[in-house]
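Protein chains: 2
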Amino acid sequence: MKNSLKLFCLSLLAMPVTALAQSETFPAGTVPNEHNINGAEYPRIGADRRVHFKVHAPDAKKVEISFRGEMTKGDDGYWTLVSEQPEVVGFHYYQIIVDGVAAADPNGKPFFGMGKWVSGIEIPEGADGDYYAVKDVPHGTVAKSRYFSKIRDEWRECMVYIPAEYDKNPAKKYPVLYLQHGMGENETSWANQGKMNLIMDNLIAEGKAVPMIVVMDNGNIEVFKPKQGESMADAQKRFGHEFPSILVNEIIPHIESSFRVKTDRENRAMAGLSWGGLLTFNTTLNNLDKFSHIGAFSGAGSIDVDNIDGAYGGVFKDRDAFNGKVHAFFLGIGSEEHPERTRKLSEGLAKAGINNTYYESPGTAHEFLTWRRCLKEFVPLLFKGDRQ
Amino acid sequence: MKNSLKLFCLSLLAMPVTALAQSETFPAGTVPNEHNINGAEYPRIGADRRVHFKVHAPDAKKVEISFRGEMTKGDDGYWTLVSEQPEVVGFHYYQIIVDGVAAADPNGKPFFGMGKWVSGIEIPEGADGDYYAVKDVPHGTVAKSRYFSKIRDEWRECMVYIPAEYDKNPAKKYPVLYLQHGMGENETSWANQGKMNLIMDNLIAEGKAVPMIVVMDNGNIEVFKPKQGESMADAQKRFGHEFPSILVNEIIPHIESSFRVKTDRENRAMAGLSWGGLLTFNTTLNNLDKFSHIGAFSGAGSIDVDNIDGAYGGVFKDRDAFNGKVHAFFLGIGSEEHPERTRKLSEGLAKAGINNTYYESPGTAHEFLTWRRCLKEFVPLLFKGDRQ
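So the protein sequences, as listed, match chains A and B.
Residues are numbered in our numbering as their position in the first sequence, beginning at 1, plus a constant of 3.
Residues are numbered in our numbering as their position in the second sequence, beginning at 1, plus a constant of 3.
These are calculated hints, taken from the structure and not from any lab test.
Here a beta-carbon is modelled for each residue, glycine too, at the ideal position from N, C-alpha and C.
Incorrect hints may have been included.
[Unchecked claim] Here are some, though not all, of the chain A residues that point toward chain B, as calculated from beta-carbon distances under 10 Å:
id : residue
1  : N41
2  : H55
3  : V58
4  : Q98
5  : V121
6  : V137
7  : R149
8  : K171
9  : P173
10 : A174
11 : A208
12 : E209
13 : G210
14 : E350
[Said to hold, decoys possible] Below, simulated DSBU-like cross-link-like pairs (lysine-lysine); rule was C-alpha separation at most 35 Å, straight line:
id : chain 1 : residue 1 : chain 2 : residue 2
15 : B       : K153      : B       : K112
16 : B       : K153      : A       : K175
17 : B       : K293      : A       : K175
18 : B       : K147      : A       : K211
19 : A       : K138      : B       : K328
20 : A       : K176      : B       : K387
21 : B       : K265      : A       : K76
22 : B       : K57       : A       : K171
23 : B       : K387      : A       : K171
24 : B       : K293      : A       : K57
25 : A       : K265      : B       : K147
26 : A       : K147      : A       : K240
27 : A       : K265      : B       : K265
28 : A       : K57       : B       : K57
29 : B       : K176      : A       : K171
30 : A       : K176      : A       : K138
Between the sequences and the hints, there should be enough to build the whole structure, so can you do that?
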């Protein structure tokens, strides 16, 4: 035992101090943020939805929490900040900024958003968040899958949600939803920030969604680096069409050769949030022979309601043909992110005879709770031909 | 297009400044660290294996790189540091410390080590690192799988490597290796820092290893928080036996009910690094009815060579019985981490008639390159009964 203890002690040097911290008292009614690691006590979420931040930085001149402001230094070297207002329920990003340098909170799980790995707080929704709670239901897996892109000349990785029943039905093939993140996020964001796997697990367990594979890839493409002499707007336009090409020509074949999936258009859907919504339209509306269900979450900006017939090569011109092919055309948005344009688009499309579903998430803005809710509303519309 | 451009520009606010940086010149012979994200140029690795760090922190009083020392501030607000000596090849942790606050590098991919999410640099091995290079071979997936632990009364997640051929052989069942990280790391560390999936892909593609499932879980268990009045040493002893119980009673049943795996002892192996090596011995040597292959990578500290017969309830006493049951008993260690004791243990075991394999990684210490190499040496010894 002596020798193994030596090994323990050596390794202990690398352990976080927080784990050894003395017991302390905390503001009444607060609990640790669910994304804290190693039993870290801060940030804490109050019953009043205010977040309590506390950072040990005795030698810093100024410490801030991004989006929230400057912290106040105490005599003990700890800096504190409490949200001025109750925060909106759901998931929000933050970074700790020490003397001007912003970084993820070392006490937290990292999330890829804002173009880098940052931290997140979760303001519980209570019963309204039941649809993404971890429940005693069969849980699918989220797998990282590697493929080579000739278009990009690089190895890439996508995340694949595989429903719990997959291995129990080795002869069965599954429909596929391609699901894209927003700008500054990546292929990990839907599962990490979006809790998409829990939403899927719960919907499938309740019989509200058919078991399906969900594929998430990185649609940022080189973070929109313009080529020499190219404007950012032109670079974005280029990338808005490069990813659809990768998806159709490389990701779909990779998924269909690696997993047991159905390969006809009736069993292929795509949705995306924000920038991912644009990628969804650019992919699906130019390839209706390949997709039958379409969702844009806070991302329906690329269709002009005053020129529906001119959009995407005239894909809407033949109403009956469009309605016959597209079994779900879903437009979702948060009530606090100026939903008027998306609502007007939905109404304009309906008036013109294009079937679509409009969903407005109450009380939420351009944030992940809007998109979790959109996913929950959208997925039950998919692959109804598969229902028994 | 106008509206979608507005959406782009709004989202752009969240993009990293690095992506828009002007072109600059770099120290001759240096290339970006492979774990940098979004095209970040620093840290850079020199052909001489020195690492060049550069951090923008005009308002900081002091900026350090952990394990390496203080940076020097330039007039432009950038702090720089170059490794004093060429660094050892392989993977090394680092953090950026701004006025006393240590955090992961916002320009890097996060790795769970040192008890938190930190950053990593990779010093290329050249041809010697070929076994963990991304090659044009079939690639397995690494999946996150959720299960409920009654012992811990909590939902837990393990990572599962699934070989590329798995979905192409829906009737085939696979042997399983349980593979544990070291103290301060977690279930993600073997794939992220250890590149275990690439090592497995390459070994399987070359026919050096049989296709197998590899399961990685979190063996830290509450980061060794002692109970009220309990010493850290006692807490560690307790945790050293709690995880084996979770593995045998909960993880194995979860894996066997969720994946197509073989369930007999001949097709079950376990290995671990450092603290994970102790967990491996505590699990396997107390449960030889369940495991047939055993590996300890820099973690064979719990067997006293002078009292082999007294170890683990006398499991070694009957040499023939042990040799008959354990088809691989692997002890690996780095040449630069005082390998004498492990070497002596291997020799002592052999002298006493216990078959074992000793492997010493040349030039490496208590670090992931030692363990990548150990995995490469260990895995070909497994499940030889499965070979054709």
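Results for each hint:
| no. | hint | result |
| --- | --- | --- |
| 1 | N41 | holds, 5 Å |
| 2 | H55 | violated, 18 Å |
| 3 | V58 | holds, 7 Å |
| 4 | Q98 | holds, 8 Å |
| 5 | V121 | holds, 8 Å |
| 6 | V137 | holds, 5 Å |
| 7 | R149 | holds, 4 Å |
| 8 | K171 | holds, 9 Å |
| 9 | P173 | holds, 4 Å |
| 10 | A174 | holds, 7 Å |
| 11 | A208 | violated, 13 Å |
| 12 | E209 | violated, 17 Å |
| 13 | G210 | violated, 20 Å |
| 14 | E350 | violated, 16 Å |
| 15 | K153(B) - K112(B) | holds, 33 Å |
| 16 | K153(B) - K175(A) | holds, 32 Å |
| 17 | K293(B) - K175(A) | holds, 32 Å |
| 18 | K147(B) - K211(A) | holds, 24 Å |
| 19 | K138(A) - K328(B) | violated, 40 Å |
| 20 | K176(A) - K387(B) | holds, 33 Å |
| 21 | K265(B) - K76(A) | violated, 58 Å |
| 22 | K57(B) - K171(A) | violated, 51 Å |
| 23 | K387(B) - K171(A) | holds, 27 Å |
| 24 | K293(B) - K57(A) | violated, 47 Å |
| 25 | K265(A) - K147(B) | holds, 23 Å |
| 26 | K147(A) - K240(A) | holds, 28 Å |
| 27 | K265(A) - K265(B) | holds, 28 Å |
| 28 | K57(A) - K57(B) | holds, 28 Å |
| 29 | K176(B) - K171(A) | holds, 12 Å |
| 30 | K176(A) - K138(A) | holds, 26 Å |
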